[in-house]
Amino acid sequence: MKSGRDVLVIDDEPVITRAVARICAEEGLTVDAADTGAAALEMLAARSYRLIVCDIMMTDLDGFQLLEEAARRGLRTPVVMATGYATLENAVKSLSRGAADFIAKPFTADELLAVVRRALRGRRLQEEAAAGPRDTLAYVPCPPRYYRLGNVSWVKEEREGTALIGLSDLFLKTIDGVAGLELAAVSEELPQGGICATVTSAAGDRHGVASPIGGRILDVNAAAKSNPSAVEKDPYFEGWLYRVVPSDLHEDLKSLTSCSSDRL
Amino acid sequence: MLRRRIGYKLTAAVGATALVTISVFAFVSIRSHGRGLLAEVERHANQLSEAVKSGTEYDMLGNQRERIHESIKRMGQQSSIERIRVLNKSGAVIYSSDAAEIGKMVDKKAESCFLCHSAGRPLERLNTKERTRVFRLQPGGPRTLGIINPIYNAPSCWTAACHAHPRSQVVLGVLDVTLPLAEADRDIRRAQLEVAVFALSAILALSLIVAILVRRWVDVPVEELVEATQRVAGGDLRHTIAETREDELGTLARSFNNMTAKLSEARLQLFQSDKLASLGRLAAGVAHEINNPLTGVLTYSSFLLKRTKDQPELQEDLKVIVRETLRSREIVKSLLDFSRQSVPRKAAADINEIVARAASVVESQLSLNRVKLSLNPDPGLPRAAVDANQLQQVFINLFVNAADAIGPKGGTITVSSAVLSLSPVGITQIKKALCPKRHGLIDGEVRIDGKPSVRLKARSDGNEGFIYLNSMYGMGGHHYGIPIDENKTIALSCPECSASLIQPGRECPECGAGVYAFESPPKGLVEGCARKGCAWQRWEEVDATGSREFVEVRVHDDGCGIAKEHLAKIFEPFYSTKGQKGTGLGLSVIWGIVDNHNGTISVESEAGAGTTFVLRLPVKP
Numbered sequence: 001m002k003s004g005r006d007v008l009v010i011d012d013e014p015v016i017t018r019a020v021a022r023i024c025a026e027e028g029l030t031v032d033a034a035d036t037g038a039a040a041l042e043m044l045a046a047r048s049y050r051l052i053v054c055d056i057m058m059t060d061l062d063g064f065q066l067l068e069e070a071a072r073r074g075l076r077t078p079v080v081m082a083t084g085y086a087t088l089e090n091a092v093k094s095l096s097r098g099a100a101d102f103i104a105k106p107f108t109a110d111e112l113l114a115v116v117r118r119a120l121r122g123r124r125l126q127e128e129a130a131a132g133p134r135d136t137l138a139y140v141p142c143p144p145r146y147y148r149l150g151n152v153s154w155v156k157e158e159r160e161g162t163a164l165i166g167l168s169d170l171f172l173k174t175i176d177g178v179a180g181l182e183l184a185a186v187s188e189e190l191p192q193g194g195i196c197a198t199v200t201s202a203a204g205d206r207h208g209v210a211s212p213i214g215g216r217i218l219d220v221n222a223a224a225k226s227n228p229s230a231v232e233k234d235p236y237f238e239g240w241l242y243r244v245v246p247s248d249l250h251e252d253l254k255s256l257t258s259c260s261s262d263r264l
Numbered sequence: 265m266l267r268r269r270i271g272y273k274l275t276a277a278v279g280a281t282a283l284v285t286i287s288v289f290a291f292v293s294i295r296s297h298g299r300g301l302l303a304e305v306e307r308h309a310n311q312l313s314e315a316v317k318s319g320t321e322y323d324m325l326g327n328q329r330e331r332i333h334e335s336i337k338r339m340g341q342q343s344s345i346e347r348i349r350v351l352n353k354s355g356a357v358i359y360s361s362d363a364a365e366i367g368k369m370v371d372k373k374a375e376s377c378f379l380c381h382s383a384g385r386p387l388e389r390l391n392t393k394e395r396t397r398v399f400r401l402q403p404g405g406p407r408t409l410g411i412i413n414p415i416y417n418a419p420s421c422w423t424a425a426c427h428a429h430p431r432s433q434v435v436l437g438v439l440d441v442t443l444p445l446a447e448a449d450r451d452i453r454r455a456q457l458e459v460a461v462f463a464l465s466a467i468l469a470l471s472l473i474v475a476i477l478v479r480r481w482v483d484v485p486v487e488e489l490v491e492a493t494q495r496v497a498g499g500d501l502r503h504t505i506a507e508t509r510e511d512e513l514g515t516l517a518r519s520f521n522n523m524t525a526k527l528s529e530a531r532l533q534l535f536q537s538d539k540l541a542s543l544g545r546l547a548a549g550v551a552h553e554i555n556n557p558l559t560g561v562l563t564y565s566s567f568l569l570k571r572t573k574d575q576p577e578l579q580e581d582l583k584v585i586v587r588e589t590l591r592s593r594e595i596v597k598s599l600l601d602f603s604r605q606s607v608p609r610k611a612a613a614d615i616n617e618i619v620a621r622a623a624s625v626v627e628s629q630l631s632l633n634r635v636k637l638s639l640n641p642d643p644g645l646p647r648a649a650v651d652a653n654q655l656q657q658v659f660i661n662l663f664v665n666a667a668d669a670i671g672p673k674g675g676t677i678t679v680s681s682a683v684l685s686l687s688p689v690g691i692t693q694i695k696k697a698l699c700p701k702r703h704g705l706i707d708g709e710v711r712i713d714g715k716p717s718v719r720l721k722a723r724s725d726g727n728e729g730f731i732y733l734n735s736m737y738g739m740g741g742h743h744y745g746i747p748i749d750e751n752k753t754i755a756l757s758c759p760e761c762s763a764s765l766i767q768p769g770r771e772c773p774e775c776g777a778g779v780y781a782f783e784s785p786p787k788g789l790v791e792g793c794a795r796k797g798c799a800w801q802r803w804e805e806v807d808a809t810g811s812r813e814f815v816e817v818r819v820h821d822d823g824c825g826i827a828k829e830h831l832a833k834i835f836e837p838f839y840s841t842k843g844q845k846g847t848g849l850g851l852s853v854i855w856g857i858v859d860n861h862n863g864t865i866s867v868e869s870e871a872g873a874g875t876t877f878v879l880r881l882p883v884k885p
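From first to last, the protein sequence lines are chains A and B. When we follow my numbering, the leftmost residue of the first sequence carries the number 1, and every step to the right adds one. When we follow my numbering, the leftmost residue of the second sequence carries the number 265, and every step to the right adds one.
No lab work stands behind these hints, which were simulated from the structure alone. Every value quoted in this text rests on a predicted model; they were computed, and no experiment measured them. Among the hints, erroneous ones may be present.
Said to hold, decoys possible - Where chain B lies over chain A, by a calculated footprint (3+ residues, C-beta under 8 Å):
id, segment
1, 16-24
2, 99-109
3, 179-191
4, 210-218
5, 241-247
Unchecked claim - Some chain B residues flagged as far from chain A (calculated, every beta-carbon gap over 12 Å):
id, residue
6, V292
7, V461
8, Q494
9, P576
Unchecked claim - Quick list of the computed label-pair ranges, beta carbon to beta carbon:
id, chain 1, residue 1, chain 2, residue 2, range
10, A, G161, B, E804, 30 to 38 Å
11, B, R587, A, A129, 35 to 43 Å
12, B, N860, A, G161, 23 to 31 Å
Backbone N, C-alpha and C fix where the C-beta goes; we use that ideal spot for every residue, glycine too.
Construct all of the structure, not just a fragment, from the sequences and the given hints.
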């Protein structure tokens, strides 16, 4: 059994790795830092980690290559992508290639910790779900014909050409209790990957929710707005957040994961 | 240098041609004139000699020598006669107007005898021409013409009382009359001089006229063209040539101006895209580079803020740092948005709504400046596929610019929207063209704006040749291979079979001239006006199906307006007339966004009278 650490942070800017390390250490997490992709691969071979925080744009290796390498080695460590190129396309792309979550640089200590806690919790939940008996679910996976953006949000196409957007149960479970929900207004335009809602957890952390598709908000679920716990109770049906007119559903779906294929 | 000039060459060529033709003409004319004069003198001399002969004949028969002497002497005194003498058979001068000569022997070799006596045995008969000779009495003296008149034996001579001549003699003697040629020579010389002077002045005048005309018709316009070409090559694409001429050089000037205008437009567009592209790369690069140091500041400051919760005196300051860093983060984000790295994410949207939203964003700012924003939306506007966020940015920018143009005195910004259906004119290409007998008319050799043309046979005012129609529907700009009368219908036909393409009975709805038509399968007939001055074309099937809908938004302000010299530049990055106030990025970003939507943005303005920006966005992308 390899010796374990909590977090491996990879970035070619030492200032950033040091900052991430200090913030995580303050939370009682053990952290290793790698300044290059090559160093990171060596460390991954030598030790096991519970979480990887990785920059997408690095000189010797990009975040997507690291995801591929990790998959090739059979690592199940969740990867949080930090992207300096704060474009939504990169973030969305990383989620469809196996990243657990993403964080846009520059970020605050609180934003980083929110993502780190979510990812660590998410991993534990997934491990429990895999290890536990089949009839007790740690979290409810999204229903068939739904599409999900990482483990954050889902979209379901409706017959009228509109689509519903909501939060995935895994996301809700990872934030440990919804205390508040800030939603966008009707007729606002959402870009795919953009923050469409902010959830405040019971512990007071603020978690941004990335929108699974781009579109214009047609309707906001009043029940969810007035009573955030309704979202927790039934995240896939009664707890939807928005009804939107998609801008380009076909194109957006390409970077999402089909929940139907999850079940196979 | 001079020798290479076309004017010099033409003048020299015309001068040389004139020199040769006029010289030949002068030479021939002088020679025939001289001959004519000489012949006249000869005839005169012959008549004179006959007159002398017959005048003295009676006295000779009577052997009245004294009377003959007297007659000849008197006749010889006339100024037009040089000398008259009679020689007998043996060569002795028996009578002469010059008394001193009488009795002298004349050598057979002397000029007066030479004609008959040159061939050994004396000749007995000579025609008039052969009896005359031109000679000089003294070397270097004036020319004289002599005519000898043989006195033949006649029955009256041998039967006369004096019995001086036997019957067997053929020629009794010779009458030799000599006339001075001085006057005739003077005439000839004068004629020569006149012809030479005429020839010389004709050549000079012709060359001068040609030189002046060439200078006016060729040199000056060519110099203008050369100068214009150099200026355009030097980068001055606004330079134009006066289009006052109607000839080929006028056509050249018009094509030149047309070319420069198109070049200028293309350069502007290229310049613009190029600048925006590099600007986009620069912005993206800056955003990327600045992101990492910003991450350092934000993570450390927010970390410190968390760690010093028990130190309120630090908290306040750290909060400021975190807040300002978060603001910088937003600036970098918007810089990335501006850099157009992200392609527009288009969705069907109500542009009126986008305008209204943009208006609500700037409303409070505008009312502070006493600027009224008046919206006139067209309620029937179709939803267009646009990136609502980017477009909102466009309108906010336009409103803020308009408010700046209005200034502190206050004014009104009027925004109106409308739906337009723009015909496919200028965007549809004629790719097939057939005459009534199914001959192809498309010509790949003569290209207009890089595209094959439609070749038609044309007849106008007796000129026959080809004209090449621009294959871009409705664009005009056809090429005419022959001179065409602008006011008449051109007889157009198929170059292969000469089948007429003119539609009988049809009239151009714009000018009333004739209409040509050819088939463009599978899209029916393409019609057009067959008069050079008219650009009317109609392609019914394309007109019916091909017109595209555009949403037009006009943003008008009654502010200070834009001076004409700035108009062409306002969409360039970093071009600002606001001095310290603006960064100069706004309008070029707007241009980029609209361009990304396959739309157009144009500006109409008059200094002092306000500005209108006109946006046209296709309803379907």
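Now the hints, each set against the structure:
{"no.": "1", "hint": "16-24", "verdict": "holds (count 5)"}
{"no.": "2", "hint": "99-109", "verdict": "holds (count 5)"}
{"no.": "3", "hint": "179-191", "verdict": "holds (count 3)"}
{"no.": "4", "hint": "210-218", "verdict": "holds (count 3)"}
{"no.": "5", "hint": "241-247", "verdict": "holds (count 3)"}
{"no.": "6", "hint": "V292", "verdict": "93 Å, holds"}
{"no.": "7", "hint": "V461", "verdict": "92 Å, holds"}
{"no.": "8", "hint": "Q494", "verdict": "48 Å, holds"}
{"no.": "9", "hint": "P576", "verdict": "19 Å, holds"}
{"no.": "10", "hint": "A:G161 with B:E804: 30 to 38 Å", "verdict": "36 Å, holds"}
{"no.": "11", "hint": "B:R587 with A:A129: 35 to 43 Å", "verdict": "41 Å, holds"}
{"no.": "12", "hint": "B:N860 with A:G161: 23 to 31 Å", "verdict": "25 Å, holds"}
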